[in-house]
Amino acid sequence: MIDLAVVDLSRLQFALTALYHFLFVPLTIGLSFMLVIMESIYVMTRRPIWRSITRFWGLLFGINFALGVATGITMEFQFGMNWSYFSHYVGDIFGAPLAIEGLMAFFLEATFVGLMFFGWDKLSRVGHLFVTFMVALGTNLSALWILIANGWMQNPVGATFNPDTMRMEVSDFMAVLFNPVAQAKFVHTVSAGYVIAAVFVLGISAFYLLKGRHRGFAKRSMTVAAAFGLAASLSVVVLGDESGYALTDNQKMKLAALEAMWRTEPAPAGLTAFGIPSLEDRETHYEVKIPYVLGLISTRSIDKPVEGILELVAIAQTRIESGVLAYDALERIKADPTDVGARGDFELNRRDLGYSLLLKRYVADPRDATPDQVVLAAWSTVPNVPVMFWSFRIMAGIGFLMIGLFATAFVLCTLRKHETRWFLWLAVLAIPLPWISTELGWILAEVGRQPWAVEGVLPTFLGASSLSVPQLWATIIGFTVLYGALAVVEVGLILKTIRKGPFAEIDLFGLDLAPATPDPTDGPDRPAPTPAPTVA
Amino acid sequence: MELPLDYASLRLIWWGLLGVLLIAFALTDGFDLGVGALLPFVAKTDEERRMVINTVGATWEGNQVWFILGGGAIFAAWPFVYAVSFSGFYLAMFLVLSALILRPVAFKYRSKRPDRRWRAFWDWALFVGGFVPALVFGVAVGNVLLGAPFRLDTDLRSFYEGSLLGLFTPFSLLCGLLSVAMLVLHGAAWLGLKAERGPVQARARVFGTIAGVASLALFVGGGLFVAFGDLGFRIVGLIDPSGMSNPLRTAVVAAPGAWLDNYTAAPWTIIAPVLGLLGTVVALAGLWRRSEPLAFGGSSLGTVGIISTVGLSMFPFILPSSIDPASSLTVWNASSTHLTLFIMLGVTIVFLPLILLYTAWVYRVLWGRSSSTALKTNPDLY
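If you read the sequences in order, they're chains A and B.
The numbering of the first sequence is my numbering, which starts it at 1 and goes up by one.
The numbering of the second sequence is my numbering, which starts it at 1 and goes up by one.
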């Protein structure tokens, strides 16, 4: 039998390392493109202030990038270390996007990022912009490939189980590539990264303006952040990743769970804006519903019902029963690979093999399961409803707040009222919000996928390695101490860099990084006599 | 769908590509690891250390991707190997990851504050980030040659029956030290090319010479172990190079001395160990005659030879099992499907040349020696 303590600790470790990694990566994804925008303005206008702007945000980008890379190394190997059976079972499909990510994305970003920092005096203006663009392209491509891998776990298309090798094998690579769940996730996730970067730049610029420091620098940065952030925050909400939720039983379950929708909602389904979901009663109390909205979001129609948890559990139960037949046939094939009858039986029920594996949590051989255990296993397909319900509401709520924030910023920048103090305060206070939102987004996607590692194919608890509890504690404590220390160092360095400001290196090195005729607002801390042009 | 390349050839190609990735990692990130391990010893003052760090500062990150890609490629092409080895060598992998995690932060953060203790701390972090992975990689290779204590059940789930300390046997420690010596030599040769002339170079030459001599001795010692020690495995019975990937369908026995079989079956393979020895000798000659390109060329060839020796001695084994030889993973029973290998080969053929092209361009732009005077004028340096 599987040691469930090992499974839980493995999940804990994966969640900790992934959530931590995901603190740095979205900022990298978004800030790299903002650097491209800022540097493009520098190349087009040739105004040295834009070079200072690019270099300063580049400095913060670098500090953040280092930790993104450091924690990413762990992710690449953790599947094999902690999820050995998962790696064997789906490696034929899941390994490919990870390898392609290395070939197409990691090399691009990592090779060019050195030149981005060290190449300012070795490259032409356009040459350096090209290098910055390659870094941005690399970081964004890496998001694409990891989300193709993750999307396949949510919606495992283009693969079938092979009884001879005891694993899933690819049958249609194009289907894996163009998986609609993966596409939706990619757009949603990189947009969230753009929002994080925009809030980061907006908030720090607002801080400088509140302090009356580096005003020319801060206003220009703020304008870029406002425009970029408005587009990104609209895209992250409008292109949310719910479009894939009608596709599979687990995706439907995820939707039902985050809505705490116990019974099927007849068409046109309404969206629950508020409620208190209760696991014991299998009811949601004090519901407030907005009519039509859920049906529109999830089925893109007003005439299709949205299935509830109770109905989806009933479906899971029938799939478990048919899965046991597939399991039985598979055992007969393992005993005698030439058994033609067993292979025929397997073909009939192969679609539900994964469902029979859910029973292994309760009984060593699914064929010996009692009817009660089948019911238990069917209910195990329901993810943690209150966690889903509240994570979704906080995530989406912050999403709408971000649209409001950037719309206001955009209007203020257009009116050249950059120094509206109440708004500057709001912008500073808003800095942590998008991080909370993206971390909750990860929780929603991954807790919502439970109990599956790969939807309908492999339950999470079967994917773990055959490790021991002390081994896991050793690495969990090790990673926590190491990551915790690095977080303190990183935040300290970012704050120090912000305090020193964008012109520190000019003072320190006595360099004239601004040789051309200076703009009146360009110099370090020189007060701007006139309102800064929107984009100069 | 009929694919233009048959399954057996694709497996052979991907075995070769695995070797190419490991060698590329050792050749590029290898000197970064070597420079890290040498840092506290060849550079004494803060200026010297910054100068040394900047010999690899701009390019180590791209070099490290060979390691990450190695992980991804093993996952995609050899999923059994990925699943069994990384979960088996669990705590050793954790050691490597922790050490490697220190590197990006150490490079980036070290010179951001003037405090002496802060800088000394990150200098030693760079040493750990260089020395520990070099050692553990070698120890791991030693254990692969010895066979790892794992067995597969009928679901093909892997069970590992060893411990972290069990990895450190005399033979595997010898391999670990060989790996350190090989990479330190390579790092010293790199400093010859990239560091400014002066006391750092002189010290690097001394350490490089010691490492080169140690590398020769350990490589020969390893060869004696393989010839006369209790290690080696052999496939008995039929091999189906195009069969389905199920390790349990191959009959394997432990056969001491079997790691020399290939040198009699295919005598041309002797090139690999000869190259390992010859390259290292050339590197030593280069250090002695103060010809930096000769030293670096020699240490590169030696690295290619030493790593190829391991692969060719074991072929077709990739990861034999010491406690249950029938669970052993070979080129013919542990790969992905025909289709996945084919698709991944296509992707590699497109992207590998591109990677080599732009990496070469970046190295060309950054061509030239690192210098300590530049530290005073260039705010971009670490």
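Be aware that one or more of the hints could be misleading.
Stretch by stretch, here's where chain A covers chain B in the computed footprint (C-beta under 8 Å, at least three residues) [said to hold, decoys possible]:
| id | region |
| --- | --- |
| 1 | 55-63 |
| 2 | 82-88 |
| 3 | 93-100 |
| 4 | 104-116 |
| 5 | 152-162 |
| 6 | 327-339 |
| 7 | 347-359 |
A few chain A residues that face chain B, going by a derived Cβ cut-off under 7 Å, partial list only [claimed, not checked]:
| id | residue |
| --- | --- |
| 8 | Asp-92 |
| 9 | Gly-114 |
| 10 | Leu-115 |
| 11 | Val-170 |
| 12 | Lys-334 |
Bear in mind the hints are in silico, worked out from the structure with no lab data behind them.
The C-beta atom is built at its ideal place from N, Cα and C for all residues, glycine as well.
Do the hints match the structure? See the list:
no. : hint    : in the structure
1   : 55-63   : holds (count 6)
2   : 82-88   : holds (count 6)
3   : 93-100  : holds (count 5)
4   : 104-116 : holds (count 7)
5   : 152-162 : holds (count 7)
6   : 327-339 : holds (count 3)
7   : 347-359 : holds (count 7)
8   : Asp-92  : holds, 5 Å
9   : Gly-114 : holds, 4 Å
10  : Leu-115 : holds, 5 Å
11  : Val-170 : holds, 5 Å
12  : Lys-334 : holds, 6 Å
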